[in-house]
Amino acid sequence: MCCMTHLSVERPSGTRLSRHLRPAILVSSLGLLLSACSLPSYGGYKGATTQGHDTHLLYAGLFTTAIVVGGITLSLILWSVFRYKKRSDAMPRQFQYHIPLEITYTVIPIIIVLLVFFFTVGVENRVDAVSSNPYVQVKVTAFQWGWNFDYPQLHVDVHGVTLQNPEMVLPTGKTARITLVSADVVHGFYVRQFNFSRYAQPGVINVFDLTVRHSATYQGQCTQFCGLYHAEMLFRVKSVPPAQFQAWVHQQQALGHDKVVAKQPSPIVKVRSTNSRTKI
Amino acid sequence: MTILEEKATAPAPAQSRPEPVHHAEPSGLVKWLTSTDHKVIGKSYMFTSLALMIIGGAMALLIRAQLASPHSSLLSFQQYNELFTMHGSIMIYLFVGPFAFGGLANYVVPLQIGAPDMAFPRLNALSYWLYLGGSIIMLLGFFTASGAADFGWVAYAPLSSAVNSPGAGPDAWIAALILTGFSAIFTGVNLVTTIFYLRAPGMTMFRMPIFVWNMLVTAILILIAFPVLTSALVMLYADRHFGMDIFSVKGGGVPVLWQNLFWFWGHPEVYILALPFFGVITEIIPVFSKKPIFGYKGMVFATLAIAALSTGVWGHHMFTTGVVLLPFFSLLSLLIAVPTGIKFFNWIATMWRGQITFTTPMLCAIGFLITFLIGGLTGMFLASPPVDFQMHDTYFVVAHFHSVIFALVIAAIGALYFWWPKMFGWYLNDRIGKVQFWLLFVGVNATVIPWYILGLHGMPRRVAVYNTGMGWHALNIAATVGADITGVSFLVFLLNVYLSWDKKVPAPNNPWDGTTLEWFTSSPPPTHNFTRIPPIRSERPVWDYNHPDAVAIPAHKSDNNDKHASPPTGASGDDGGD
Ligand code: HEM
Ligand SMILES: [Cu+2]
Ligand SMILES: [Cu+2]
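Protein chains in written order, with this note's numbering: chain X, 1 to 280; chain F, 281 to 858.
Worth flagging that the hints you see were computed from the coordinates, not collected in a lab.
Some hints here could point you the wrong way.
[What the hints assert, rightly or not] With a Cα cut of at most 27 Å, we get these calculated DSSO-like pairs of lysine-lysine:
#1 F:Lys323 - F:Lys311
#2 X:Lys86 - F:Lys530
#3 F:Lys714 - F:Lys784
#4 F:Lys530 - X:Lys139
#5 F:Lys714 - F:Lys311
#6 X:Lys238 - X:Lys86
#7 F:Lys323 - F:Lys783
#8 F:Lys323 - F:Lys784
#9 F:Lys714 - X:Lys85
Note that the coordinates shown come from a computational prediction; the quantities given were computed from them, not determined experimentally.
Model the full structure from these sequences, guided by the hints.
This is the structure:
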């Protein structure tokens, strides 16, 4: 089985380049980079994955737009409120229409919207793009109330409920393909530093890529309300350099042989639908 | 009823129609129970929904108390889940909507179009009783063995199935919403018919007040959206009890179908809640600026555009499902910003070069503008799918929709201060009103701004506890303080109602120099509303009647000379008699 592990390690991830050649994406991401790289982070995470970083740049661009649009509108409101406070009994001029002005403030927002949409589509395609050749594949199963991280090619399986805070280990700088499913109700896979969430739903298989940029441990959490212990449905993503990742895989594989029993669902899972008022 | 002649030509006092004589009119409780008068029903709606708002608000304060510390044991998980579900459900299904289309619209629309009542007065009464019954049933959920519904106000399948959420509490929730759903549909039918058929002579469509226009469009949206929700709820009930398996994978059903149906109602619902209050402030701003609404026709088209777009954007609530067409829903959602922007600029241009008096309703209108601006701009982030992936189901979303909704609540308070003298014949105290406004305005923004930051820092919604290490504690304390200030503002409101009622200051027919027909009749109006009516030549018949020298300048004339500030035209009246 170990050879399979190595096989997937050897595979180059260069083919990912092909998607960068899509011109629309290239243009829009260039424009975005030019405009957004020097922007402040506006309280958001810079994005610990390449996908999340793209999202962050879009966020910062939108925030800048919002400040300009909001600033102008707010100034106009405050100006008219303070400037046209009642000063006399004189009757104001009863004007009601000004067609050129009305056309102006119809057309300018349309242009802004189209620009926002243009950048949105660019980033959306990058964030949603899945590599044909991922370095590692993980099948993530959400259930009431915990997570299962299965590495099918590597025969590694990590399982944990609520506060056990199970850990998904990923190789830094490499593309991981996540296949996300649910064993029962709708859950949300979310890691704040990744600027990304996706539902785990019964009857739907969601596939996306994560390319973690920096080695670290990230706290994740279920974000879609899923019943009694939703608030405690925690997990972690630990990103380590590829060599260390391999070591972890071997270690897990060795452990796995002794732990066949542990793969059975934990007792908490079994009582999941009782909706009991008492804490288990 | 007499149609008055133009004041200038015929100043003769209006000839009154004698009040129809009713025999053995019931009084007191029986009168209220059997009334089909739109004013009585409207007031019942308003005060029932306000009472529910206080209940829902108290739940919100409990929720906030729980979140003020990370691992609070004030509420159990179960209690917390029931509370946020019922808080959201009460506020959306039982407060804002019924207050707007059941309360305000019921009271104001017939008056503004010069009608004696709604088109179907008994259906109107039925709507109210269905609504009251539904509301009580929903609250009774707390007293069932399973507790109240605890699957969030959106009841996503399959969490809402009989297996995952068994018990009578969830069933009560479903039954309640089927009843209030029918109530809303009947009100929609009633409003559309009333507005199309009962307008006074002279009131063409383009002379209707904007509030009436908005209520017409709201009613049409109700007819488009509510049948879908009501049907989906029937399906959910059938799934739970008859094994229909519409929303369960095991029986070959599709859980995501629930989300599609729910949000097909859910997004139009946002505008069913918002358009009435857009209408409210479009009535308030011109009156207190002493000017006609700027861009009347643009306003109407913007409302129509918003309504049309709002039926095609439901997918933006489902971006993270991975199974919706992202660019389609994203573009349509972003486009809604355009007509909304038009409205904003029209409101600003209405104040421009006006003579603004800062009464409580006007302060509320300004508070609405600022709060809604924040909600609208943050909505743009959520309409962009990648950024929504980042924000979805975090407190950023909670903050966004509360910004929007709090803006509507501020407008609702403005509406109460504005129409109160008409409804009761006495004023609410304006000075206490201002205190209330500032507490409300500061309170809601002090609540939502920490939420935005919490959302950016990744705090999920619908969690009863959080870890200390996440850095969320201080912001949660700030939000709780803001929520408590908001709560106090409502105590001030209740105090104001009591004090103003205790020492009544009587109000004349037209206390604000209002422009629309409701200000022409007595305060409060007689049973069938009008004994006389002024000629209707524009959307401001009462203004035209009272200020024959200051009628609005028509479009083709205002274009040319708008740039130059003109002297006060009190006496010039260049367009006097059309
Ligand atoms: C004093 C005023 C209010 C406060 C302090 C407040 C507080 C909250 C809080 C803390 C939550 C999040 C609960 C959670 O996710 O764990 C929430 C959810 C919600 N609120 Fe409010 N709220 C207030 C007023 C309103 C109003 C006026 C409305 C609507 C008319 C409203 C509608 C909702 C809805 C729909 C939810 C979502 C419930 C869910 O997630 O299922 N709230 N509110
Ligand atoms: Cu969850
Ligand atoms: Cu929506």
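Just to be careful, I want the Cα atoms of lysine 323 of chain F and lysine 311 of chain F compared with a cutoff of 27 Å; is the pair within it? holds (14 Å)
Is the hinted pair lysine 323 of chain F and lysine 783 of chain F satisfied, with a Cα-Cα distance of at most 27 Å? Given that 27 Å is the threshold and the Cα spacing comes to 21 Å, the pair holds.
Distance restraint between lysine 323 of chain F and lysine 784 of chain F, which requires alpha-carbon spacing of 27 Å or less: holds (19 Å)
Please verify whether lysine 714 of chain F and lysine 85 of chain X have alpha carbons no more than 27 Å apart. holds (16 Å)
Compare the distance between the alpha carbons of lysine 238 of chain X and lysine 86 of chain X with 27 Å, and conclude whether the hinted pair is satisfied. Violated - the C-alpha atoms of lysine 86 of chain X and lysine 238 of chain X are around 63 Å apart, more than 27 Å.
Proposed proximity, lysine 311 of chain F with lysine 714 of chain F (alpha carbon, max 27 Å): violated (35 Å)
With a cut-off of 27 Å on the C-alpha distance, tell me whether lysine 714 of chain F and lysine 784 of chain F pass. holds (18 Å)
Take a quick look at whether lysine 86 of chain X and lysine 530 of chain F sit within 27 Å of each other, Cα to Cα. Roughly 67 Å between the alpha carbons, so the hint for lysine 86 of chain X and lysine 530 of chain F is violated.
Would the hint linking lysine 530 of chain F and lysine 139 of chain X be met if the CA-CA limit is 27 Å? The hint holds at about 21 Å.
Going through the hint list in order, the structure does not satisfy hints 2, 5, 6.
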